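Participant: 356 is the number that this note's numbering gives to position 360 of the sequence shown; each next residue is one higher, with no gaps.
Hints are not guaranteed to be accurate.
[Claimed, not checked] EDC-like, lysine to aspartate or glutamate: derived pairs with alpha carbons at most 20 Å apart:
1) K427 x D392
2) K605 x D546
3) K557 x E665
4) K127 x E22
5) K33 x E16
6) K280 x D194
7) K557 x E571
8) K280 x D306
9) K108 x E140
10) K127 x D96
11) K598 x E573
12) K339 x D290
13) K239 x D194
14) K283 x D269
15) K427 x D51
16) K265 x E204
17) K423 x E22
18) K612 x D546
19) K33 x E8
20) K239 x D261
21) K33 x E22
22) K605 x E571
23) K598 x D554
24) K142 x D678
25) K265 x D290
26) K332 x D306
27) K108 x D77
28) K427 x E90
29) K427 x D322
30) K557 x E656
31) K612 x E573
32) K207 x E196
33) K598 x D565
34) K423 x E204
35) K207 x D261
36) K427 x D349
37) K108 x D96
38) K423 x D349
39) K33 x D77
Derived by calculation from the structure, the hints in this document are not laboratory data.
Keep in mind that this is a model prediction, so the values were computed, not measured.
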Amino acid sequence: MIQDQDYYRDLEQLERRVFEQNLRGEAIDELLHAFLKGLQRLHPGMLCSILEVRDNRLHNLSSPDLPAAYLQAIEGLIITDNLGSCGTAAFRREQIIIADTVSSEAWKPVRKLVEEHQLLACWSQPIISTKGEVLATFACYYREIKAPSGRETQTIERVSNLLQLILENRQITRELQESNNRLRQVNMAIDETIWEHDIERNTNSYNERFKSMFGYTQDQVREAVSWWFGNLHPDDVDAVRIKLDQIQRSPVNRFELRYRYRCADGTYKPVFDRALIVRDAHDKPVKLIGVMQDVSELEALENVRNRLMDAVLRIATSERIMAGHDPEFGLRAALKETVRTLKADWGGIWLVDGAKDRCISAVGPVAALPIDERPLPVHGTYREILGDQTRVVINDTRHPSLDLFARDTYFTPNGIRSAVLQAIRIKGSLKAILSVELCGTTRDWLADELQFISTMADQMAQIFTNSAIIEKEQALEQSLHEKETLLQEIHHRVKNNLAIVSSLMQLQAMETESQSVREQLLDSTTRIRSMALIHEELYQNENFTYVDIDQTINGLLDYVKSVMESDVDIQVRREIEAVRININQAVPLSLLINEVITNAYKHAFRNRKEGCICVKVTNRNGQLNVEIQDDGGGFPAGFNPGSAASLGMQLVQTLTQQLEGSSTLDNGEKGARFRLNFRIQDVSGAHSAL
């Protein structure tokens, strides 16, 4: 498992690469493929998937390592409730965690699929836009039954927020491109510079828009191509010349150019130039006709967008800010970044708390008064303005539609001329209100700026959420520690009580004159000791569910040797693999081995001076095999363990059934042999067939 510090460093680097790829406009399928591959490297065994939601159906967007047959089977499924993790998450608009898909009702309609492809766990998170639309689902599959850890839960939330930014940004960009295309078509007809280059005469001509676009008078405009080249930015001249020469020698008929063109006042404008080549009957170029578009505003908008995205990236990838360990610091850092990036005068986070709202964080680099002295809105004012809306944009606080009470008691006295109020919601419920305010000037807020405010509000909501998760985890850790301490004390007392009972019975055996009673008491003593050894190990270890059975068996063999009365020199050979099993299997196994070993001590070596018992324990792919062989006289002819009336043989059969295993008692090559086989599994609860 990757250490937390290394893990979050690697995750942050992965997120940064994805952000940079997104800013560069790289293909969405390549970007998401690389992102999911990176997540899978951080989480060995995890299979990531993003399904896009279109027309109320699920469509694969990126699933690098899911089986192709599985993806084909779920392609285009209609979104309904209880249709796998992703279909259910998209339908309910909430996170769906299914640790066991085979037994889950949500996976019942497609259970054969997950069984066929061994997709035994699936956690899905809907990606919801700021408009409330389900854009996609992000899912994590495992080929084993598995619930997410705390770190995995935080990562799912963090990845989902990043995917929301990427997918929504791509959607907005696509819509903006479509809008720009329509605008470009209109501009080509009425509001762009149209130019024509006569190749034979080596002259240029322009329409009237050229003069107004670049500020030239009629007398300043020249037809000479050298004049046009002379107005290109010096750094662009060579590239444009090379491109034009190549175009005229190639078979293409259309081309595009990007360059900076000098205006009459000496400044430069960025130009996007699209042109076509007119050829004569011999396919020789004779004219170039093009359209020069001033893209200053588009570049300015792109610069704004990049600046906003950089700010989001700084916050979203900062572990200190987003982790939630210090929510006061995180919220203030996010608020400060919001105010700074938007070049606002003041910002605040207002916690919605019962009937009153209170400001829990404030930033005001250019505020008229220090924050501590600045009057704050009357309790509830912002909540009343926001109402049930997600956002309220106030371009001008003097607008007559604005609430008079808010204007007269807060906005006007403090010189606030423009503001945006953004809801901070957690699972649909209003947690707080983010306010961004300007003093002394109005503003027509850009769509990108409003989207940025919404995204930062989402980051603040995540800080609130992470802080709450940490508080819950700390409470759970405290509760778990208390329970572990109590359980450790219970095992200690059980072990001590069993030891006392065992000692009393041992004393009783020493005092009795009856050999039969003495043997029965010693048998009971070893049985009790076999259970006490397990509780002793649980008390000494931090794990209260599993037992290192090799240590228990070795301790049991030593104990039996010490208490069994025998004149025979008995050697015990041990071939015991290190195996950890559930306590509810360890107890019957220890009792079984105790019965067989004590039986060998009592009956195997009559009339012998020495003997040997071999104990072998192996684990083969989850099947535990136990073999106990002695070199004594073996079982008498016709011996049938199933019909044996002794308590020991009855215990062997009953304990084998409890382990859901199989056992045999027969004669081996030299003496008696006992073999046991059962599957290692988690047995819940304390149950017994005794």
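Participant: Is K280 close enough to D306, meaning Cα to Cα at most 20 Å?
Facilitator: Roughly 49 Å separates the two Cα atoms, so the pair is violated.
Participant: K557 and E571 were given as a pair; does the straight-line alpha-carbon distance stay at or below 20 Å?
Facilitator: holds (17 Å)
Participant: Quick one, are K265 and E204 close enough, alpha carbons at most 20 Å?
Facilitator: holds (18 Å)
Participant: Quickly compare the C-alpha distance for K557 and E665 to 20 Å and report which way the hint goes.
Facilitator: Not OK: K557 and E665 at ~24 Å, beyond 20 Å, violated.
Participant: For K33 and E16, compute the direct alpha-carbon distance and say whether it is at most 20 Å.
Facilitator: holds (17 Å)
Participant: Going straight from one Cα to the other, do K427 and D322 come out at no more than 20 Å?
Facilitator: holds (18 Å)
Participant: Would you check the hint for K207 and D261, treating anything up to 20 Å between C-alpha atoms as holding?
Facilitator: Status holds; Cα separation ~12 Å.
Participant: CA of K423 to CA of D349, is that 20 Å or under?
Facilitator: Holds, at about 17 Å.
Participant: K427 and D392: Cα distance at most 20 Å?
Facilitator: Violated, at roughly 26 Å.
Participant: Please verify whether K423 and E204 have alpha carbons no more than 20 Å apart.
Facilitator: Measuring from Cα to Cα gives roughly 57 Å; hence the hint is violated.
Participant: Would you check the hint for K427 and D349, treating anything up to 20 Å between C-alpha atoms as holding?
Facilitator: holds (8 Å)
Participant: Between the alpha carbons of K605 and E571, is the straight-line distance 20 Å or under?
Facilitator: Roughly 24 Å between the alpha carbons, so the hint for K605 and E571 is violated.
Hints 1, 2, 3, 4, 8, 10, 11, 12, 15, 17, 20, 22, 30, 32, 34, 39 from the earlier list are contradicted by this structure; the remaining hints agree with it.
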